[in-house]
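Colleague: Chain order of the listed sequences is D and Y.
With the working numbering applied, the first sequence covers 1 to 160.
With the working numbering applied, the second sequence covers 161 to 345.
These aren't lab readings, by the way, just hints derived from the structure by calculation.
Using N, Cα and C, we set each Cβ at its ideal position, and we do this for glycine too.
It is possible that some hints are incorrect.
[Said to hold, decoys possible] Sample of chain D residues at the chain Y side, in silico, Cβ under 10 Å:
#, residue
1, N62
2, S63
3, E72
4, G95
5, F97
6, I125
7, F127
[To be verified] DSSO-like cross-link-like pairs, simulated, lysine-lysine; straight-line CA separation at most 30 Å:
#, chain 1, residue 1, chain 2, residue 2
8, D, K39, D, K3
9, Y, K163, D, K107
10, Y, K340, Y, K199
11, D, K132, Y, K163
12, D, K81, D, K101
13, Y, K163, Y, K199
14, Y, K239, Y, K222
15, D, K39, D, K132
16, Y, K222, Y, K340
17, D, K33, D, K81
18, D, K132, D, K149
19, D, K107, D, K81
20, Y, K199, D, K101
21, D, K101, Y, K183
22, D, K107, Y, K199
23, D, K81, Y, K199
24, D, K33, D, K101
Residues per chain, in single letters:
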Amino acid sequence: MNKLIFKFVGMILLSMTLISSAFATPVDTYEFKSVENQKRALELAHSLRCPQCQNQNLIDSNSPVAQDLRLEVYEMVDAGKDDEEVIEFMTSRYGEFVLYKPRMEAKTYVLWLGPVALLLFGLLIGFFFIRKQRISEVDEQELSAEEQKELDKLLKRDDK
Amino acid sequence: MKKRLVLFIPLVLFLVMGVFLYKGLFLNPQNLDSALEGKPIPAFQLERLEDRGDLITNESLKGHVSLLNVWATWCPSCKYEHPYLMRLARQNILPIYGINYRDERAMAIRELNRQGDPYTANIFDHDGRLGLDLGVYGAPESYLVDHNGIIRYRYAGPIDQRVWNETLFPMIEELQAAAKLDGAS
Numbered sequence: 001m002n003k004l005i006f007k008f009v010g011m012i013l014l015s016m017t018l019i020s021s022a023f024a025t026p027v028d029t030y031e032f033k034s035v036e037n038q039k040r041a042l043e044l045a046h047s048l049r050c051p052q053c054q055n056q057n058l059i060d061s062n063s064p065v066a067q068d069l070r071l072e073v074y075e076m077v078d079a080g081k082d083d084e085e086v087i088e089f090m091t092s093r094y095g096e097f098v099l100y101k102p103r104m105e106a107k108t109y110v111l112w113l114g115p116v117a118l119l120l121f122g123l124l125i126g127f128f129f130i131r132k133q134r135i136s137e138v139d140e141q142e143l144s145a146e147e148q149k150e151l152d153k154l155l156k157r158d159d160k
Numbered sequence: 161m162k163k164r165l166v167l168f169i170p171l172v173l174f175l176v177m178g179v180f181l182y183k184g185l186f187l188n189p190q191n192l193d194s195a196l197e198g199k200p201i202p203a204f205q206l207e208r209l210e211d212r213g214d215l216i217t218n219e220s221l222k223g224h225v226s227l228l229n230v231w232a233t234w235c236p237s238c239k240y241e242h243p244y245l246m247r248l249a250r251q252n253i254l255p256i257y258g259i260n261y262r263d264e265r266a267m268a269i270r271e272l273n274r275q276g277d278p279y280t281a282n283i284f285d286h287d288g289r290l291g292l293d294l295g296v297y298g299a300p301e302s303y304l305v306d307h308n309g310i311i312r313y314r315y316a317g318p319i320d321q322r323v324w325n326e327t328l329f330p331m332i333e334e335l336q337a338a339a340k341l342d343g344a345s
């Protein structure tokens, strides 16, 4: 029984490794000068969009353009260029489009501030309605004291 | 009455956003603005496809309005575009420079011998470096360059009669008129 379970688990593990290797993203044999460089370069390449496949970043895509750009990013980082310079290199060729996180500027204000504006608008409406409701509740309570007696009197008088 | 109108604000917002998003559905994601429009052609120095000894540089492209066409033998849309480029070449409107992009030299030459060569000259961009500097992400792509060597327009995809009539030719006429005023050929 135990052996059977072991076999079963082994088969699952084997198939899992096979599947994961089939879906692995392209691995480059680029050798970085340091681990920090590698970390920074990979992070940068993750934040840049492949201009050809459009829904993949430079790491996930295996199109030739993405491969070239990925290597370009690696080399620039290893050459000591900072993030801004790499991003400038990419946007001067492929436009703002390659940035997954667009820069804050006049034409992207709607993009950045739109959700905040909508949230504020929603909160404002919510606030407005709640306050209105409270006021009407208070109105009802205020009626209950002397006014109620008077009202009752009036109503009784009407009955007669 | 005014309070009633306030109640319609969410509906109006919804409609505005709806129209905005609906329009987005029909945008072509391949139609990206080129970041290079209005900028000079990137500096390069590359061999001619047919002749290793003959170097073409970005300076060679100055002095006349020209069309740069990025092509390769591995690109099916380039084959589709080819007969139209041949027609354009016969009309002699402007020089068409080919950028042979990430291709094998022998294969590219054979292809031109077989199918005809619409190009004034072919720039052999074997490792795709010029393509990278131009912001090419696929072939075919065409760049309209004015007589000062400034990129005026980028078109991604195969050129056909419609693109030519509606977009490229009117721009070329305008650029050529401007070049004449400047005294260039």
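Colleague: For the hint on F97/D, just tell me whether its beta-carbon gets within less than 10 Å of chain Y.
Modeller: 5 Å, holds
Colleague: Given the proposed pairing of K101/D with K183/Y, does the C-alpha separation stay at or below 30 Å?
Modeller: 22 Å, holds
Colleague: Hint check: K107/D vs K81/D, CA-CA at most 30 Å. Holds or violated?
Modeller: 28 Å, holds
Colleague: Given E72/D as an interface hint, is its Cβ closer than 10 Å to any Cβ of chain Y?
Modeller: At about 7 Å, which falls below the 10 Å cut-off, the nearest Cβ of chain Y leaves the hint on E72/D intact, so it holds.
Colleague: Using Cβ atoms only, decide whether F127/D comes closer than 10 Å to chain Y, and label the hint accordingly.
Modeller: Violated - the Cβ of F127/D stays beyond 10 Å from chain Y, reaching only about 14 Å at its closest.
Colleague: Taking only the CA atoms, is the gap from K239/Y to K222/Y under or equal to 30 Å?
Modeller: Given that 30 Å is the threshold and the Cα spacing comes to 28 Å, the pair holds.
Colleague: Is K81/D close enough to K199/Y, meaning Cα to Cα at most 30 Å?
Modeller: With a Cα-Cα distance of about 24 Å, the restraint between K81/D and K199/Y holds, given a limit of 30 Å.
Colleague: Would the pair K39/D and K132/D pass a check requiring their Cα atoms to be no farther apart than 30 Å?
Modeller: 55 Å, violated
Colleague: Mind checking the alpha carbons of K222/Y and K340/Y for me, to see if they're no more than 30 Å apart?
Modeller: 14 Å, holds
Colleague: Verify the proposed pairing of K199/Y with K101/D, using a straight-line Cα cut of 30 Å.
Modeller: Holds: K199/Y and K101/D sit about 25 Å apart, inside 30 Å.
Colleague: Close enough to count: is the Cβ of N62/D nearer than 10 Å to one in chain Y?
Modeller: 14 Å, violated
Colleague: Is it true that the CA of K33/D sits at most 30 Å from the CA of K81/D?
Modeller: Status holds; Cα separation ~13 Å.
Checked against the numbered hints above, the structure breaks hints 1, 7, 8, 9, 13 and 15 and satisfies the rest.
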